[in-house]
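With the working numbering as the guide, the letters of the sequence shown map in order to residues 45 to 424.
No lab work stands behind these hints: they were computed from the structure. Note that the coordinates shown come from a computational prediction; the quantities given were computed from them, not determined experimentally. Heads up, a few of these hints could be off.
[As the list claims (entries may be wrong)] Calculated pairs, DSSO-like style, for lysine-lysine (alpha carbon to alpha carbon, straight line, at most 27 angstroms):
1) Lys215 x Lys124
2) Lys311 x Lys252
3) Lys91 x Lys226
4) Lys240 x Lys252
5) Lys215 x Lys312
6) Lys377 x Lys252
7) Lys124 x Lys163
8) Lys240 x Lys302
9) Lys311 x Lys226
10) Lys277 x Lys417
11) Lys215 x Lys277
12) Lys242 x Lys302
13) Lys377 x Lys366
14) Lys242 x Lys277
15) Lys403 x Lys312
16) Lys311 x Lys403
17) Lys277 x Lys311
18) Lys252 x Lys277
19) Lys124 x Lys92
20) Lys403 x Lys377
21) Lys226 x Lys240
22) Lys364 x Lys312
23) Lys280 x Lys215
24) Lys377 x Lys364
25) Lys311 x Lys240
26) Lys163 x Lys312
27) Lys280 x Lys242
28) Lys215 x Lys242
29) Lys91 x Lys124
30) Lys252 x Lys242
31) Lys377 x Lys391
32) Lys226 x Lys242
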Amino acid sequence: MNIFFTAAKFSLYLLSGSFSLLAETAHSLADVTGSLLVVGGIYLSEKKSERFPWGLYKVENIAALFSACLIFLSAYEIAKMIYHPSPEGMRNLDMTLIVLFLMTVPIILFSRYEARRAKAINSPSLMADAEHWRADIAPIVAVAIGIASARLSYPVMDRISAFAVLLVVIKAGYGIFRDSMKSLMDASVDRVTLDKIKAVLGEFHGVKEVVSLHARNSGKFIFISMDVRLSSKRLKDAHELADRIEGEIERRIPFVEKVTIHYEPEKKDRTRYAVPLADRDDAVSEHFSSAPFIAVWDKGPDEAVISQEILENPFRTLEKRKGISLATFLVEKEIDILYTRESFDGKGPEYVFANAGIKIRRVDRESMNILIKEHDGKSD
45 MNIFFTAAKF
55 SLYLLSGSFS
65 LLAETAHSLA
75 DVTGSLLVVG
85 GIYLSEKKSE
95 RFPWGLYKVE
105 NIAALFSACL
115 IFLSAYEIAK
125 MIYHPSPEGM
135 RNLDMTLIVL
145 FLMTVPIILF
155 SRYEARRAKA
165 INSPSLMADA
175 EHWRADIAPI
185 VAVAIGIASA
195 RLSYPVMDRI
205 SAFAVLLVVI
215 KAGYGIFRDS
225 MKSLMDASVD
235 RVTLDKIKAV
245 LGEFHGVKEV
255 VSLHARNSGK
265 FIFISMDVRL
275 SSKRLKDAHE
285 LADRIEGEIE
295 RRIPFVEKVT
305 IHYEPEKKDR
315 TRYAVPLADR
325 DDAVSEHFSS
335 APFIAVWDKG
345 PDEAVISQEI
355 LENPFRTLEK
365 RKGISLATFL
375 VEKEIDILYT
385 RESFDGKGPE
395 YVFANAGIKI
405 RRVDRESMNI
415 LIKEHDGKSD
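Taking the hints into account, I'd like the entire structure generated from these sequences.
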């Protein structure tokens, strides 16, 4: 299309003798170069090689940057029109105006189509080309107004309209230039996209804290990196949770090329212990599932006891699965270490605690108070 319009504008210059049309022909030649850059940018953006293992995504941004520069060139051509209006002696003005009007129709339709496609595939260079096509309408209108003014003997209108068009073209070029430079300099994505990512993270209860979150554009793709604290204590569980987070982000946010998640266990300021009791006072029970009480206490970083409570075992009268039920109950209480005189020997509670990352420590002490004094986080 660029080649067709370039030839059409040059033909109109030969028909009318308008130097503004000649300048617009030169502008269209620049558009041809810009279109070739866009096509090349889209083709190269997803190519990967041994030398460029991460791909050539930013080639597309470079193509968009060139397109912005060509829009500035268009503004320069219009500026020349302002200070050097078409000379007298133009001819065939009525026919030229009609053809110029008809020329704008396919440009408007094509630019709208290209803009829709650019949004659909999130291509910055294609969107830049669509904006470039829209900007092409402005100089055509400026040329038409100039020719019409000459036709009606009001040459001053040519300069006024051309100046207004100049501002529109410069604004379009600046927007594309700004967005391309942001991507090339690894600027963050927009706030809306970041909020969407945070919303996805907020839906996972295992994510206790988002330490850092960064996302950037490279071409039409988005690269995300984050540091999070997870409640999962086992590496396998943390890895599975990270995989689910990555999949959900890619499902909810278009054009995410890569999500890098650095995770670490939730940072705690205390360690929680538990032991089954035979009574409310002090005696450690020989059994786990049938123990009438459970003692739970917390120790701070200095190993001082900061809280302690005695809980009733609500599952000791169950006929089946009381050990698994009690183990699940203690997992929900977020204990870190369980002391027990009973060996689980592959029974259900052992798997429940193992899956939750809770450490099991067998002891032979019969006194809870002695147990608390003798055992600390360092020895465990």
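message: Next pair to validate is lysine 124 with lysine 163; report whether the Cα-Cα distance is within 27 angstroms.
response: violated (34 angstroms)
query: Are the Cα positions of lysine 311 and lysine 240 separated by 27 angstroms at most?
result: holds (25 angstroms)
message: With the threshold set at 27 angstroms, check whether the alpha-carbon distance from lysine 215 to lysine 124 stays at or below it.
response: holds (18 angstroms)
query: Going straight from one Cα to the other, do lysine 215 and lysine 242 come out at no more than 27 angstroms?
result: violated (33 angstroms)
- prompt: Is the straight-line distance between the alpha-carbon of lysine 280 and that of lysine 215 27 angstroms or less?
  reply: Between lysine 280 and lysine 215 the Cα gap is close to 52 angstroms, so the pair fails against 27 angstroms, i.e. violated.
message: What's the verdict on lysine 252 and lysine 242, does the C-alpha distance respect the 27 angstroms limit or exceed it?
response: The hint holds at about 12 angstroms.
- request: Verify the proposed pairing of lysine 215 with lysine 277, using a straight-line Cα cut of 27 angstroms.
  value: Given pair lysine 215, lysine 277 is violated - Cα atoms ~53 angstroms apart, limit 27 angstroms.
field: Distance restraint between lysine 226 and lysine 242, which requires alpha-carbon spacing of 27 angstroms or less
entry: holds (22 angstroms)
query: Are the Cα positions of lysine 91 and lysine 124 separated by 27 angstroms at most?
result: violated (41 angstroms)
- prompt: Within a Cα-Cα threshold of 27 angstroms, do lysine 242 and lysine 302 meet the stated pairing?
  reply: holds (16 angstroms)
- prompt: Is the straight-line distance between the alpha-carbon of lysine 403 and that of lysine 377 27 angstroms or less?
  reply: With Cα atoms ~14 angstroms apart, lysine 403 and lysine 377 stay inside 27 angstroms; holds.
- prompt: Quick one, are lysine 226 and lysine 240 close enough, alpha carbons at most 27 angstroms?
  reply: holds (20 angstroms)
Violation of the numbered hints given earlier is confined to hints 5, 7, 9, 11, 19, 22, 23, 26, 28, 29; the remaining hints are satisfied by the structure.
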